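Listed here are the chains, written in short residue letters.
Protein chains: 2
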Amino acid sequence: MQRIPAHVGDRIEAIETPALIVDVDAFERNLERMAGATKGTRLRPHAKAHKCVAIAKSQLARGAVGICCQKTDEAAVFVGAGIRDVLVTNEVVVPAKIARLAELARAAHVGVLVDAQPCLAALSKAALRSAATIDVYVEVDVGAHRCGVAPGTPAVELARAAAGAPGLRFRGLHAYQGAAQHLRAPEQRRDAIASAAALARATREAIEAAGIKCEIVTGAGTGTWRHELDSGIYDELQPGSYVFMDVDYGRNVPDADDLRFEQSLFVLASVMSVPADERAIVDAGLKAFSFDSGLPVVHDRPGLVYAKASDEHGVLAVAPDAPPLALGQRMRLVPGHCDPTVNLYDFLVAVSHDVVKAIWRVDARGALG
Amino acid sequence: MQRIPAHVGDRIEAIETPALIVDVDAFERNLERMAGATKGTRLRPHAKAHKCVAIAKSQLARGAVGICCQKTDEAAVFVGAGIRDVLVTNEVVVPAKIARLAELARAAHVGVLVDAQPCLAALSKAALRSAATIDVYVEVDVGAHRCGVAPGTPAVELARAAAGAPGLRFRGLHAYQGAAQHLRAPEQRRDAIASAAALARATREAIEAAGIKCEIVTGAGTGTWRHELDSGIYDELQPGSYVFMDVDYGRNVPDADDLRFEQSLFVLASVMSVPADERAIVDAGLKAFSFDSGLPVVHDRPGLVYAKASDEHGVLAVAPDAPPLALGQRMRLVPGHCDPTVNLYDFLVAVSHDVVKAIWRVDARGALG
Numbered sequence: 001m002q003r004i005p006a007h008v009g010d011r012i013e014a015i016e017t018p019a020l021i022v023d024v025d026a027f028e029r030n031l032e033r034m035a036g037a038t039k040g041t042r043l044r045p046h047a048k049a050h051k052c053v054a055i056a057k058s059q060l061a062r063g064a065v066g067i068c069c070q071k072t073d074e075a076a077v078f079v080g081a082g083i084r085d086v087l088v089t090n091e092v093v094v095p096a097k098i099a100r101l102a103e104l105a106r107a108a109h110v111g112v113l114v115d116a117q118p119c120l121a122a123l124s125k126a127a128l129r130s131a132a133t134i135d136v137y138v139e140v141d142v143g144a145h146r147c148g149v150a151p152g153t154p155a156v157e158l159a160r161a162a163a164g165a166p167g168l169r170f171r172g173l174h175a176y177q178g179a180a181q182h183l184r185a186p187e188q189r190r191d192a193i194a195s196a197a198a199l200a201r202a203t204r205e206a207i208e209a210a211g212i213k214c215e216i217v218t219g220a221g222t223g224t225w226r227h228e229l230d231s232g233i234y235d236e237l238q239p240g241s242y243v244f245m246d247v248d249y250g251r252n253v254p255d256a257d258d259l260r261f262e263q264s265l266f267v268l269a270s271v272m273s274v275p276a277d278e279r280a281i282v283d284a285g286l287k288a289f290s291f292d293s294g295l296p297v298v299h300d301r302p303g304l305v306y307a308k309a310s311d312e313h314g315v316l317a318v319a320p321d322a323p324p325l326a327l328g329q330r331m332r333l334v335p336g337h338c339d340p341t342v343n344l345y346d347f348l349v350a351v352s353h354d355v356v357k358a359i360w361r362v363d364a365r366g367a368l369g
Numbered sequence: 001m002q003r004i005p006a007h008v009g010d011r012i013e014a015i016e017t018p019a020l021i022v023d024v025d026a027f028e029r030n031l032e033r034m035a036g037a038t039k040g041t042r043l044r045p046h047a048k049a050h051k052c053v054a055i056a057k058s059q060l061a062r063g064a065v066g067i068c069c070q071k072t073d074e075a076a077v078f079v080g081a082g083i084r085d086v087l088v089t090n091e092v093v094v095p096a097k098i099a100r101l102a103e104l105a106r107a108a109h110v111g112v113l114v115d116a117q118p119c120l121a122a123l124s125k126a127a128l129r130s131a132a133t134i135d136v137y138v139e140v141d142v143g144a145h146r147c148g149v150a151p152g153t154p155a156v157e158l159a160r161a162a163a164g165a166p167g168l169r170f171r172g173l174h175a176y177q178g179a180a181q182h183l184r185a186p187e188q189r190r191d192a193i194a195s196a197a198a199l200a201r202a203t204r205e206a207i208e209a210a211g212i213k214c215e216i217v218t219g220a221g222t223g224t225w226r227h228e229l230d231s232g233i234y235d236e237l238q239p240g241s242y243v244f245m246d247v248d249y250g251r252n253v254p255d256a257d258d259l260r261f262e263q264s265l266f267v268l269a270s271v272m273s274v275p276a277d278e279r280a281i282v283d284a285g286l287k288a289f290s291f292d293s294g295l296p297v298v299h300d301r302p303g304l305v306y307a308k309a310s311d312e313h314g315v316l317a318v319a320p321d322a323p324p325l326a327l328g329q330r331m332r333l334v335p336g337h338c339d340p341t342v343n344l345y346d347f348l349v350a351v352s353h354d355v356v357k358a359i360w361r362v363d364a365r366g367a368l369g
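From first to last, the protein sequence lines stand for chains A and B. So in the working numbering, spot 13 of the first sequence is number 13, and the numbers just go up one at a time. So in the working numbering, spot 313 of the second sequence is number 313, and the numbers just go up one at a time.
Here are a few chain B residues that face chain A, going by a calculated C-beta distance under 10 Å:
#: 1; residue: E16
#: 2; residue: T17
#: 3; residue: V92
#: 4; residue: E139
#: 5; residue: L344
Simulated from the structure, these hints should not be mistaken for laboratory data. From a predicted model like this one, the values you see are computed outputs, not experimental measurements. Ideal Cβ placement from N, Cα and C applies to all residues, glycine included.
Hey, can you work out the whole structure from these sequences and the hints?
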């Protein structure tokens, strides 16, 4: 595992690189901003972004109703750490995992998604065996074309089955439009969520017309949450990345009235070689960033471009007018995609005014199951 | 961390997904093939590919002279597990890391690269302080344009400084042409290594003409090792990925006389949703594969294409004539790039004839420092 890269009280210069650092002031402003803007609705931040109990507790302390996880094993980490309300925003199919989920539901308020009848039956059996109640949400495909039943009749049928299944409590709809989060133009995001919300609304109405209570419509992410909030149809919001932000979210063109979140997550890297005027090498490569959404970006150093990577090297292109780089010189890099980058580290170093304030363990790192 | 996904003796059907599995028969044939083909030269396999003590020991048992690591903390894991000859194929610049490297050199034969005078001085001081000897190789840029001094005079000057530095032992040149490993056409790879070998040869001759012994030229990777071997100039070969292979190496067009390595590494995944005839979702996404070299490929299931990913989902495009997929159905996927994919897991599940033979810990996972 990663060596603990610093200690509380260290100056930033003492942090061993590469390290994942959080500008804790920007981070806390992000938390406050989202908590303030969503007051009066249910905020259930997605913990897959940070996988960190300390951060989840900060979100709950600011009024979040619970957290989301993406995997049963993530949920196990958070429930084990005392978090009492966890929604697994995913289908769970494998019997061993369903059994573990039911056990978690003895200790905490646990929800899960369904998009197929066989899983409902298995969840119901497991809940009864564990003498627990599991909250169930029907996942509806509102445009992401990932998991989920079609809106309308298929969702009503599954809701009816969920509402009648012993050990389960049908709570409502999961209507996450994941494909809308990174649409670049603000009107694209607005239109995609308008469409998603219309589908969610029609489905909820069809379910309620069938005499089934559909209490909660949950969904939304960092790229679109404002639209879900404004739609009047979403009762609960699930943004995750807003705590950190990344290069890819930075590519979204904001709307005039979009709330801005600050970049709080950085990889701190050191120059390990300056073989030519136009090139320098840093100690953070393919194992220090996730590259699925593109290359990292050098923060606040004009003239430096992170141009390519190998396993443990990042090659910087140095502009002719950039100040020369020295061996051991350090810099911050913004990850292309925050969630899978966090999953590469065992520790987050929380820094304020160049001093290490806390070391947060990435508790659910690697919790794939 | 990852839950242990299986136990020795389990059938493959019992492995919890997503899991990283090794077809141990193909894997051992890969080890044998490389050991056989490099007999008579020094094979020093790169452990950054597997980060696994059990695998390093298998390589040493087949005649490897030692291993390569890419980071000081990786080296610490292997030395701590009893491996007695480790070359860190990288520059180490930060004083704390240099001090740790010197401490490792008390317990094992440890080498490191240099491409700048200040690091030499720091290494020398640290070696003296630890009463250890550190092997030093001058890294020469033979075409990769990453780290390394220019061939010829700059390398001679650094070699002279290394040869004269107390506590250090100048061993030779590191002449790794990383940019040649994934050139697609066989003649491109051959030409690139011919050029690299010519530069390495000229540099060695210049060093020896200066009266400095240049014992070892080390380098090579899975894509080109045969050419370095045939060149007559490389004394030591450092391939790593040959133990596993991946989609990206599979894109290299082989030469007629290239030795073939088999795909031994797979991510075992389960279908978690079949929302439409043309689409299925598996439980392995951006946190289960590294996507830097492209998407994973579904193994041995015609008609299934891994089309896109989100954090914990993989979307499969299902051809009209493909057999229908069922919930919970399992399949093997070939990672786009093996090294950073292995770094996402805590365990490798070694499987032979559908039975789990061993669980190998990815001991140096996350050892970024």
